[in-house]
Amino acid sequence: MRISALARRTGVSPRALRYYEEKGLLVPGRTAGGYRDYTDEHVETVRRIRILLAAGLNSDMVREILPCMVDDGQFLAPGCEDLIATFEREQRRIDTQIAELHDVRSALTGIISAGKAFAGR
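According to UniProt numbering, the residues represented by the sequence shown are 1 to 121, in order.
The set of hints was computed from the structure by calculation and includes no laboratory data.
All residues carry an ideal CB built from backbone N, CA and C; glycine is no exception.
Heads up, a few of these hints could be off.
With beta-carbon atoms standing in for the labels, derived distance ranges [unchecked claim]:
no., residue 1, residue 2, range
1, G34, A85, 17 to 25 Å
2, F118, E90, 17 to 25 Å
3, V70, Q97, 46 to 54 Å
4, E44, I112, 43 to 51 Å
5, E22, Q91, 33 to 41 Å
6, V70, G115, 50 to 58 Å
With the hints as extra help, turn the sequences into a complete structure.
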């Protein structure tokens with residue numbers, strides 16, 4: 001199938017699919033005329049890429065771990081033991097970012113409250 005058909009089947013724009021190819025996440029075949037040629041397997045690969053990106057992983061990390069991911073029919077799961085530790089580290093990193101954002105939000109709330117109090121004088 002051509003890139004437009006893959007885009008329709010996956011809900012991912014052709015531009016994003018080309019980006020996935022550029023990053024080494026998606027490797028299409030080529031027709032004799034040089035057009036990208038995708039299979040049903042690529043549809044599944046795009047689904048997995050989307051899940052991993054939605055989990056907060058960057059494209060470089062996705063490229064690294066994608067070959068070790070397995071689908072148990074309900075969930076995408078790490079098929080290599082060392083990936084669990086990688087995901088736990090990533091989860092801790094995200095938890096730290098959430099805590100930092102919470103602190104930033106609290107500071108902004110204080111500034112807004114002070115501004116409203118000052119304006120009400």
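Status of the hints after comparison with the structure:
1. G34 with A85: 17 to 25 Å: 42 Å, violated
2. F118 with E90: 17 to 25 Å: This hint is violated: roughly 42 Å between Cβ atoms.
3. V70 with Q97: 46 to 54 Å: 28 Å, violated
4. E44 with I112: 43 to 51 Å: Given about 47 Å between the Cβ atoms, the range holds.
5. E22 with Q91: 33 to 41 Å: 28 Å, violated
6. V70 with G115: 50 to 58 Å: Roughly 52 Å apart at Cβ, these two residues keep to the hinted range, so it holds.
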